[in-house]
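Undergrad: So the sequences go chain by chain: A and B. Numbering follows our numbering, in which position 155 of the first sequence is assigned residue number 155; successive positions increment by one, without gaps. Numbering follows our numbering, in which position 161 of the second sequence is assigned residue number 161; successive positions increment by one, without gaps.
Simulated from the structure, these hints should not be mistaken for lab results. Everything hinted at is true.
Where chains are identical, the list cannot tell them apart; a pair therefore holds if satisfied intra-copy or between any two copies.
Here are the simulated SDA-like cross-link-like pairs (lysine to any residue), alpha carbons at most 20 Å apart as the crow flies:
hint : residue 1 : residue 2
1    : Lys202    : Glu110
2    : Lys18     : Leu39
3    : Lys202    : His176
4    : Lys18     : Glu62
2 protein chains.
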Amino acid sequence: MRYGVLGTGAVGVKLGSKLVELGHEVVMGSRTKDNPQALEWAQGAGPLAGAGTFADAAAFGERIVVAVNGQVALAVLQAAGEAELAGKLVVDVSNPITFEDGLLRVAPVESDSVGALLQRSFPGARVVKTLNTVNLAVMVDPDAVPGEHHLFVCGEDAGAKEETVALLGEFGWPAHRVLDLGGIVEARDVEMLMPLWINLYKRFGHGAFNYEIRSAP
Amino acid sequence: MRYGVLGTGAVGVKLGSKLVELGHEVVMGSRTKDNPQALEWAQGAGPLAGAGTFADAAAFGERIVVAVNGQVALAVLQAAGEAELAGKLVVDVSNPITFEDGLLRVAPVESDSVGALLQRSFPGARVVKTLNTVNLAVMVDPDAVPGEHHLFVCGEDAGAKEETVALLGEFGWPAHRVLDLGGIVEARDVEMLMPLWINLYKRFGHGAFNYEIRSAP
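In isolation and in its complexed conformation, chain A is listed as follows:
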């Protein structure tokens, strides 16, 4: 499968590297053709890896991974180009966060979410929100955390969610540990977990934790 990974930060590098390791072809996209981090990654990741602009990566990918800060995700998809997204699975793993005076801020929040915003803005894309609730290491190594902890998916397109669950399976997540929350409006449910997540991250001193949903039978 060919993937376009949008974003050259730690999440983009982690997911891009895992996809290459799994035998997929990946172009990492950034604002410019000569982004040093993207070029360095592509050179180090072997023949299945490449680098280019957001539009290059989106054109190359049969599937798109949004691995930028959620607050710039819309601009990044606009740079990628609507035509390059049409019909494609767009996996949004972003959180729309900033820090102001040490306090985590989340925007949009509650009445909207990045996931919903992307789907509204690109109705031809098949947006699925997932993976934003865990640290990047846990994304591709669920066994880094003990227990039957969970991930979430949401989106409008049932087939896109099935493809996403299968992709998460390639990452090591059993399908029964991926909970389908419903339509893309539910992206807010998981984006709103960030303040708790950051608090727990400070508590533990690392990101190797996750939520296991326990329920009476």
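Once you have looked at the hints, place chain B on chain A.
TA: For chain B alone, coordinates are given in the frame of chain A:
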């Protein structure tokens, strides 16, 4: 111990009844002296139970439990009266939610929370946020859900949090399963879980679930 439980809904009834069962004296407070639900509860709950206005309940209680919808919590504490809250542990279990066209809304959110608002408005009170992340049955019966699932506390006053953890212990929660998130600003962390909680509630068809935080050692 004497408790003032503010609110006559299902949460107030559940917590008031559990406190009476534990041997505490409880006055349930409502907007008026002759609230039928409060009178009915007090008559059925035995000699340790009483009913009155919010001010009556706050004056009676050595500790106060805020068991109303979070969107009216400030008004309820104002009705209770600042003098009746001074120095007291105020346990805020509320969520500031409404439903609009079937969609859960949360307000305040992100930049503020009910917990922080109450503490700011009544600096003499010792506000602790807790229990708002679980169904009312789970609040007083953690074994209704399997596993080592967690509660959270936050607040400015360390002693108030210790008293709260001890109270939760009376409810059946081992202290190691109550995570201290820090100051009252962290109340937003847990109030922002409500959209996910409601989603899971619809999924399971019941409220007997909770989050177990799993972490690498």
